[in-house]
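> Below, each chain spelled out in residue letters.
Protein chains: 2
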Amino acid sequence: MTRFMDVHHGVKGVTAERMREAYQADLAIEEEEDVHFERTWADPESGTVYCLSEAPSAEAVQRVHERAGHKADEIHPVPLSM
Amino acid sequence: MTRFMDVHHGVKGVTAERMREAYQADLAIEEEEDVHFERTWADPESGTVYCLSEAPSAEAVQRVHERAGHKADEIHPVPLSM
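These protein sequence lines are chains A and B, in that order.
Heads up, the first sequence is in this note's numbering, so the first residue is 1 and it goes up one at a time.
Heads up, the second sequence is in this note's numbering, so the first residue is 1 and it goes up one at a time.
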């Protein structure tokens with residue numbers, strides 16, 4: 001398992017409610033791809049969302065996000081963390 | 001206090017040791033700017049580093065990073081998180 005940080009752009013004005021719905025949609029299916037989303041953070045002003053996950057691959061992270069209706073724009077493995 | 005996610009580009013090949021040194025350099029002076037760095041993640045392959053902090057302003061986050069010798073390329077307030 002590897003840790004990943006993925007980034008979504010273009011979601012200006014995202015609200016706490018919309019973010020919760022999107023996150024719950026990910027959590028509802030993540031087990032099917034052996035992915036676990038740990039945290040997510042959003043900047044409504046620039047329209048940027050960051051998601052931290054543990055997953056077997058970037059493709060698995062993307063499959064969850066795509067199936068949940070919000071494909072990521074970037075997915076980076078982040079093997080180093082403190 | 002606001003939570004911020006800042007991003008550093010162009011650090012391809014960053015090592016765990018170099019990351020620890022940089023992080024410790026931030027922690028050593030963060031109190032002087034009323035900033036607290038909570039977590040940091042790095043992708044050595046793309047050369048991207050993410051830092052999560054709580055701070056009074058983006059400028060305060062940048063002052064710590066600049067004084068520690070590694071100015072951030074992006075600093076986003078992330079008032080929403082889960």
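Rather than coming from a laboratory, the hints here were simulated on the basis of the structure.
Keep in mind that a hint or two might mislead.
[What the hints assert, rightly or not] Per label pair, the in silico range of CB-to-CB distance:
no., chain 1, residue 1, chain 2, residue 2, range
1, B, A25, A, Q24, 19 to 25 Å
2, B, I29, A, R18, 34 to 40 Å
3, A, S46, B, E45, 23 to 29 Å
4, B, M1, A, T2, 16 to 22 Å
Built from N, CA and C at the ideal position, the CB exists for glycine as well.
> Work down the list of hints and note, for each, if the structure agrees.
Structure-based check of all given hints:
1. A hinted range of 19 to 25 Å for the beta carbons of B/A25 and A/Q24 is inconsistent with their spacing of about 39 Å.
2. A C-beta distance of roughly 37 Å is found between B/I29 and A/R18, which places it inside the suggested range of 34 to 40 Å.
3. Checked against the hint of 23 to 29 Å, the pair A/S46 and B/E45 passes, with Cβ atoms roughly 25 Å apart.
4. B/M1 and A/T2 have their C-beta atoms about 32 Å apart, which leaves the hinted 16 to 22 Å range violated.
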